[in-house]
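K.L.:
Read off the chains here:
There are 2 protein chains.
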Amino acid sequence: MKIQSIGGEFELIKRITKKSRVKNVVVGIGDDCAIIQVNGKYLAITTDSVIEDVHFSLKWFSPIQIGKKAIEINVSDIASKGGVPRYALISLILKKDTDVEFVDKLYEGIYETTKKYSIDVIGGNTAHGNQIVIDVCMIGEVRKNNLCLRSSAKPNDAVFVTDELGKSTIGLKLLEKNILHYETLKKAYLEPKSQLEKSGLLSRYANAMIDISDGLASETLHIAEKSKCGVILYKEKIPITNETKSACKLVGKSAYDSALYGGEDYELLFTVPRENLKKIKGAYYIGNVTKQNGVYLVSNGKKKEIKRKGYDHFG
Amino acid sequence: MKIQSIGGEFELIKRITKKSRVKNVVVGIGDDCAIIQVNGKYLAITTDSVIEDVHFSLKWFSPIQIGKKAIEINVSDIASKGGVPRYALISLILKKDTDVEFVDKLYEGIYETTKKYSIDVIGGNTAHGNQIVIDVCMIGEVRKNNLCLRSSAKPNDAVFVTDELGKSTIGLKLLEKNILHYETLKKAYLEPKSQLEKSGLLSRYANAMIDISDGLASETLHIAEKSKCGVILYKEKIPITNETKSACKLVGKSAYDSALYGGEDYELLFTVPRENLKKIKGAYYIGNVTKQNGVYLVSNGKKKEIKRKGYDHFG
Numbered sequence: 389m390k391i392q393s394i395g396g397e398f399e400l401i402k403r404i405t406k407k408s409r410v411k412n413v414v415v416g417i418g419d420d421c422a423i424i425q426v427n428g429k430y431l432a433i434t435t436d437s438v439i440e441d442v443h444f445s446l447k448w449f450s451p452i453q454i455g456k457k458a459i460e461i462n463v464s465d466i467a468s469k470g471g472v473p474r475y476a477l478i479s480l481i482l483k484k485d486t487d488v489e490f491v492d493k494l495y496e497g498i499y500e501t502t503k504k505y506s507i508d509v510i511g512g513n514t515a516h517g518n519q520i521v522i523d524v525c526m527i528g529e530v531r532k533n534n535l536c537l538r539s540s541a542k543p544n545d546a547v548f549v550t551d552e553l554g555k556s557t558i559g560l561k562l563l564e565k566n567i568l569h570y571e572t573l574k575k576a577y578l579e580p581k582s583q584l585e586k587s588g589l590l591s592r593y594a595n596a597m598i599d600i601s602d603g604l605a606s607e608t609l610h611i612a613e614k615s616k617c618g619v620i621l622y623k624e625k626i627p628i629t630n631e632t633k634s635a636c637k638l639v640g641k642s643a644y645d646s647a648l649y650g651g652e653d654y655e656l657l658f659t660v661p662r663e664n665l666k667k668i669k670g671a672y673y674i675g676n677v678t679k680q681n682g683v684y685l686v687s688n689g690k691k692k693e694i695k696r697k698g699y700d701h702f703g
Numbered sequence: 389m390k391i392q393s394i395g396g397e398f399e400l401i402k403r404i405t406k407k408s409r410v411k412n413v414v415v416g417i418g419d420d421c422a423i424i425q426v427n428g429k430y431l432a433i434t435t436d437s438v439i440e441d442v443h444f445s446l447k448w449f450s451p452i453q454i455g456k457k458a459i460e461i462n463v464s465d466i467a468s469k470g471g472v473p474r475y476a477l478i479s480l481i482l483k484k485d486t487d488v489e490f491v492d493k494l495y496e497g498i499y500e501t502t503k504k505y506s507i508d509v510i511g512g513n514t515a516h517g518n519q520i521v522i523d524v525c526m527i528g529e530v531r532k533n534n535l536c537l538r539s540s541a542k543p544n545d546a547v548f549v550t551d552e553l554g555k556s557t558i559g560l561k562l563l564e565k566n567i568l569h570y571e572t573l574k575k576a577y578l579e580p581k582s583q584l585e586k587s588g589l590l591s592r593y594a595n596a597m598i599d600i601s602d603g604l605a606s607e608t609l610h611i612a613e614k615s616k617c618g619v620i621l622y623k624e625k626i627p628i629t630n631e632t633k634s635a636c637k638l639v640g641k642s643a644y645d646s647a648l649y650g651g652e653d654y655e656l657l658f659t660v661p662r663e664n665l666k667k668i669k670g671a672y673y674i675g676n677v678t679k680q681n682g683v684y685l686v687s688n689g690k691k692k693e694i695k696r697k698g699y700d701h702f703g
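Residue numbers (this note's numbering), protein chains in the order written: chain A, 389 to 703; chain B, 389 to 703.
Extracted from the complex, chain A is given alone in its bound form (with noise of 0.2 angstroms):
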């Protein structure tokens, strides 16, 4: 029986999850970052991976693109919990063949973000294999009053994106189709940034909170689900420059699709109560959490209900 028969990779990861069995862990599976605590201080840890011809291709990535991605994508699990990272680990697997001069701009990138960032490399391991793949575990620390999960979203809340969304997505389309300019919406694509340091204000004021790697539908039904409410999203009040519409124009492409279903903006997505919003500075506000389930997007007095979920690997 293949992946895909059963559902995809949603159902797959739901069949392989099991339940923490211990006090110490405060959040296991199923959120941005697994939360633990250490003699009554909270640490945030999370995993992810760049695979070559998967998340990047090298075609259109240099290595140091590679190495910085590798570290921002992680760093942005921990800012969506309202975390700071400290400490990563490596985990490298090379082609036999790779160049040395590969390596060498591969660890620039990772050692410029992990600077830029204060967080400490300290370990890792090597070996071979039939492609390239930088699997980066990152630990970070949370104040217990910054922690924002999926799950904490309330009926009421205000959501908010940090900045504008489908730059990525339609970025990744513009090298796919060898379309010359834009390179505001190609950086977006090879060179993302976590909102460290947004998520750092925002995290004392927000209730839930999301990085957006798999599109706005997808991380809204997150929230929606783990925090057991519905959320209505206001179509034209989803942040969208006018570069990614004229390229999204271009390429025959909706713009709104690039932001609700295309990935790895990570912007961050979160949810502020009443009395918080006007703490919020810097962020665009896109629509409510409800009481009743299901995540609708209104446009022009329209209500849609949003179902399909982000990018599946085994789809």
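A portion of the hints provided could be inaccurate.
If you only want the chain B side, here are some residues facing chain A, beta carbon under 8 angstroms, derived [unchecked claim]:
no., residue
1, M389
2, E397
3, G416
4, I424
5, G428
6, S437
7, S479
8, V488
9, D508
10, V509
11, C525
12, H701
Over 12 angstroms on every C-beta distance to chain A, these chain B residues come out as not near it, computed from the model [stated by the list, open to error]:
no., residue
13, K542
14, L560
15, G588
16, S634
17, K637
18, Q680
19, K690
In short, the hints are calculated from the structure, not lab data. Glycine included, C-beta positions come from ideal geometry on N, C-alpha and C.
Take the given structure of chain A and dock chain B to it, following the hints.
P.N.:
Then chain B, alone, in the frame of chain A:
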């Protein structure tokens, strides 16, 4: 420039390693685990992967055995520092056409082994690629008094191993040559076991410790190098079973070479100060730590320097 031309894996690792900058990092890159301090508690963190056609072949391994092995080798790293494993994150790469039954059995092996050691699987990641990879990040706790680093050996310490060596590498050879019987040796390769139970006791009395994943020679060299001392090993004292000797004869390999240069035994190699010698039970004395640098093998009064390192992924 290829990795081979700069001297292989070991030189590559030196090249990409930077020293830790933070005072909470007790041990960074260069030991079996990193050790960090969190509110006064020591955590041991490691990452190790098993890769299809590198660490396992589907010709010989059942999926349950692959799952078990992925956990055992990480527990072995934690055990070798005197720690107790607590949490694991599993970063999984599957092929698009991997059967669900394979994944179910793989996780049966993973959960059977994590249950045995009371480890909580708290997170992970799933992606597709063109070979199966199970990359585990494991976090354990270590009492400060039990911490056994590669760098803690002292001149005049006695050197021990927990059990007979060379089984696993010859087990693989038997499988490759399709030779019947010798099930113990094949099982040593297919179902390695960490020495966590022994390490719980031994780490209280040992100075340095390391797990033998890469052959006795390589691991002894690691201890000598990191502890800035030397080691003399007595060849005739290296424990090797008669079965191993008989199988080695059959396939035309030296039994001592299997012990010294064969991988994946997952026994513990450790050094003990003289005053603790009486406390050591269930282990084999094989040599001594010396003030003078260099690792030597003594046999019938003749002394030979050991320089060869272990398995090189890019050799």
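K.L.:
Should the interface hint for S437/B be scored as holding, given a Cβ-Cβ cut-off of 8 angstroms against chain A?
P.N.:
Because about 6 angstroms separates S437/B from the closest Cβ in chain A, which is inside the 8 angstroms limit, the hint holds.
K.L.:
Does the interface hint hold: is V488/B within less than 8 angstroms of chain A, judged Cβ to Cβ?
P.N.:
holds, 5 angstroms
K.L.:
Holds or violated: is the Cβ of S479/B closer than 8 angstroms to a Cβ in chain A?
P.N.:
holds, 5 angstroms
K.L.:
Let's test the interface hint: is any C-beta of chain A closer than 8 angstroms to that of E397/B?
P.N.:
holds, 6 angstroms
K.L.:
Holds or violated: G416/B as interface residue toward chain A, Cβ cutoff 8 angstroms?
P.N.:
Constraint on G416/B satisfied, holds at 5 angstroms.
K.L.:
Could you let me know if the closest chain A CB is still more than 12 angstroms away from the CB of K637/B?
P.N.:
holds, 32 angstroms
K.L.:
Please verify that hint: D508/B, Cβ, nearest Cβ of chain A, below 8 angstroms or not.
P.N.:
Because about 5 angstroms separates D508/B from the closest Cβ in chain A, which is inside the 8 angstroms limit, the hint holds.
K.L.:
Please confirm whether Q680/B is truly not at the interface, meaning its C-beta sits more than 12 angstroms away from all C-beta atoms of chain A.
P.N.:
The assertion about Q680/B holds, with a minimum of 31 angstroms to chain A.
K.L.:
Examine each Cβ of chain A, and state whether all of them lie more than 12 angstroms from the Cβ of G588/B.
P.N.:
holds, 19 angstroms
K.L.:
Confirm or reject the statement that K690/B sits farther than 12 angstroms, beta carbon to beta carbon, from all of chain A.
P.N.:
holds, 36 angstroms
K.L.:
Would you settle whether the hint for I424/B is holds or violated, based on the nearest Cβ-Cβ distance to chain A being less than 8 angstroms?
P.N.:
holds, 6 angstroms
K.L.:
Would the hint on V509/B be counted as holding, given a Cβ-Cβ threshold of 8 angstroms to chain A?
P.N.:
holds, 7 angstroms
When held up to the earlier numbered hints, the structure conflicts with none and fits them all.
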